[in-house]
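S.K.: Each chain, letter by letter, is given below.
Number of protein chains: 2
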Amino acid sequence: MIYQASVTAPVNIATLKYWGKRDKNLNLPTNSSISVTLSQDDLRTLTTASASPDFEQDQLWLNGKLESLDTPRTQACLADLRQLRKQLEEESEKAQKNDAKANADAAVEVVPPLSRYKLHIVSENNFPTAAGLASSAAGFAALISAIAKLYQLPTSSSELSKIARKGSGSACRSLFGGFVAWEMGQLATGEDSQAVEVAPLSHWPSLKAAILVVSDDKKDTPSTSGMQLTVQTSSLFQYRIDNVVPQRFQEMKQAILDKDFAKFGRLTMQDSNQFHAVCLDSYPPIFYLNDTSKRVIKLVEKLNSDEGEIVAAYTFDAGPNAVVYYDEKDEDKVLSALHRHFGHVDGWNGKKYEQEEQWSGVSRVILTSIGVGPQVTSESLINEKGLPKSSG
Amino acid sequence: MIYQASVTAPVNIATLKYWGKRDKNLNLPTNSSISVTLSQDDLRTLTTASASPDFEQDQLWLNGKLESLDTPRTQACLADLRQLRKQLEEESEKAQKNDAKANADAAVEVVPPLSRYKLHIVSENNFPTAAGLASSAAGFAALISAIAKLYQLPTSSSELSKIARKGSGSACRSLFGGFVAWEMGQLATGEDSQAVEVAPLSHWPSLKAAILVVSDDKKDTPSTSGMQLTVQTSSLFQYRIDNVVPQRFQEMKQAILDKDFAKFGRLTMQDSNQFHAVCLDSYPPIFYLNDTSKRVIKLVEKLNSDEGEIVAAYTFDAGPNAVVYYDEKDEDKVLSALHRHFGHVDGWNGKKYEQEEQWSGVSRVILTSIGVGPQVTSESLINEKGLPKSSG
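Residue numbers (full-length UniProt numbering), protein chains in the order written: chain A, 1 to 392; chain B, 1 to 392.
Keep in mind that the hints were calculated from the coordinates and are not lab data.
You may find that some hints are simply not true.
Intra- or inter-copy, both count: the list cannot distinguish identical chains.
Heads up, simulated DSSO-like pairs for lysine-lysine below, C-alpha to C-alpha not over 30 Å straight-line [to be verified]:
no., residue 1, residue 2
1, Lys24, Lys302
2, Lys351, Lys294
3, Lys385, Lys219
4, Lys294, Lys149
5, Lys329, Lys351
6, Lys259, Lys302
In this text, all values refer to a predicted model and were calculated from it rather than measured experimentally.
Excised from the complex, chain A in its bound form (with noise of 0.2 Å):
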């Protein structure tokens, strides 16, 4: 007998940003953060969470590979999520047991002892892991939802994103669709350190972006001991968190709320500024952002400019690519401006602007938009066997 449940679960990117742990061990930020989820028809990592009492250990197929389940970040997950089947488990043991006092006869199903089998996962993402876009969110929020779906658990999902965060701090926000905010929280446990609905897709569906794949012969800090970095040795990170941020996330929800573009745009690009600006005051200095970057932060900058207003805003993560958001309204002036010099690459399904001078350092686009949280899906990685299909 094998178990099985399957969920897709996005992409999603900081526009606050989340940069420095107060506990390294639960993943507790030193900040809140906000970020829009990305559609998963662009982005999405597919994931199938199987339990069959023939398993003989827990095991993880990501894109084809075999990977390790045995970082101590996972197996913190893997934990909750046993937990809390296991109370399913003994309530229903209960409930069993009460009816069958009452009534000697009426056959109470018994829910399978899930928690005590071993779980076989498998997970894809729609898109290359070469593209260097951040997919641990994706992954681990994948993970999360399918065995708690798998687990019939009835647990909320800002209550699943704290789950979530112990396997990857911003994986948190990938719970949820539309507008994210993590809510940084204050107890030493996490307890309160969840993300929220700030507002749903439905609420500003025209929200596009577009992804420019930057090519980089460097390899990047690690984000997890670039925070650590700077935590310990920026003197200008201290007063961003303290001063700074607590009133830019609230004025980021309200620009939100109003679909303030102008507003939401500027603080958008102030605050992917700032994040690389501590990275820089860090002892030794952590750079993202390359050349290449810094040409399609002043090509934004000079489209704002020639338009009189905000229609495109730029962020960038641990890494030189560029996300580029607009509204939909504003497509052809944003799209034109960047096909201009990035024309020669893939990406752009099929939409013709002008091209001029060819500008080298991106290797691909990706057009997407605002999109969902996770969904359960009748898609199957498994076969009969529990077995990923493509290697059976």
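Given chain A, put chain B in place with the hints provided.
M.R.: Positioned in the frame of chain A, the structure of chain B alone reads:
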């Protein structure tokens, strides 16, 4: 009759950065700064100032080209110097009258009324302007020093630094050799915003500098407008000047007095990084470091890490050029690390080390050292007609 005087003045490179004006007209800074004066053997401006009753207008020839003196900043400098000269002349006149009363026969020498004569000024750099090295500091320091010498002003270097400051803020620091502090001052008049010596060249003569001239096709944001943008838009900037710089100023002075290269170097690198961080936190963001600058930073960080101590310290002004400070005792370590990737460009003065992979992006190196302040010289740039020798 032509009166003339010639002076050479040095370039200085800040180790604690000047970025931000609290008064644009008087060039009053938002924070104190510290610099090292570089040797005039490699980088200097030579200026001949001349005055004559026959000259019809104030004129300036800069590197062989007639340039306007008609900028508010230059006019402010000339007005101050003429005012000081006028006081001398009036005192001399008064003394002469007194003498004449006391002894009608005594011929007291009259101070000629140079303050009423027009000036011809000829100025030349011994380094290519194309190198993109800030030459305005040396230029204004030489201009002010040459006219002060011509006018035979008894004014101290700190007093003259206040006049140079009005021409170009950082020029005030080129009035001294060795290690120089520009004390920001508090007065609205700027009377207490002046350069002072931290330590002379003789205190630490073994300090050396390798300048890597970085090629760049883009036009940098001019520093004056860049500073104003940072002051107005960076939320981290005010914290820097209120809470970081005052302590760093004291620490860096102490590191210089202690000849503690590791401490001096670390503070220098951190302050360069923080200056570029507040530029990036400006809106729109200002970038001066390019990918080549970052490679130099990483190369220096790796060298220090391999050595287990700080033996080299990078600093970058408002452009991509790198200045790498080191102590003479570590010259082979530092130069061989730089030569490894940039050995193919000009400027190594016959120094030979191993070469590895050639990196592009640097057009030449300038190997120099700490140097003295302005020097009077008998070398004159004007001919007997009061015109530039080269064009005479």
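S.K.: Against this structure, judge whether each hint is valid.
M.R.: How the hints compare with the structure:
In this assembly of identical chains, Lys24 and Lys302 lie within 30 Å of each other by CA distance solely across copies; the values are 27 Å between and 40 Å within a copy. Within a single copy, Lys351 and Lys294 get their C-alpha atoms as close as 25 Å, which meets the 30 Å cut-off; across copies the closest is 36 Å, which misses it. Within a single copy, Lys385 and Lys219 get their C-alpha atoms no closer than 39 Å, and across copies no closer than 63 Å, so neither meets the 30 Å cut-off. In this homomeric assembly, Lys294 and Lys149 never come within 30 Å of each other (Cα to Cα): the closest approach is 43 Å inside a single copy and 47 Å across copies.
In this assembly of identical chains, the alpha carbons of Lys329 and Lys351 lie at most 30 Å apart only when taken from the same copy (15 Å versus 61 Å across copies). With identical chains, the CA atoms of Lys259 and Lys302 are at most 30 Å apart within one copy only, with a shortest distance of 23 Å there and 47 Å across copies.
Hints 3, 4, counting from the list given before, are not met by this structure.
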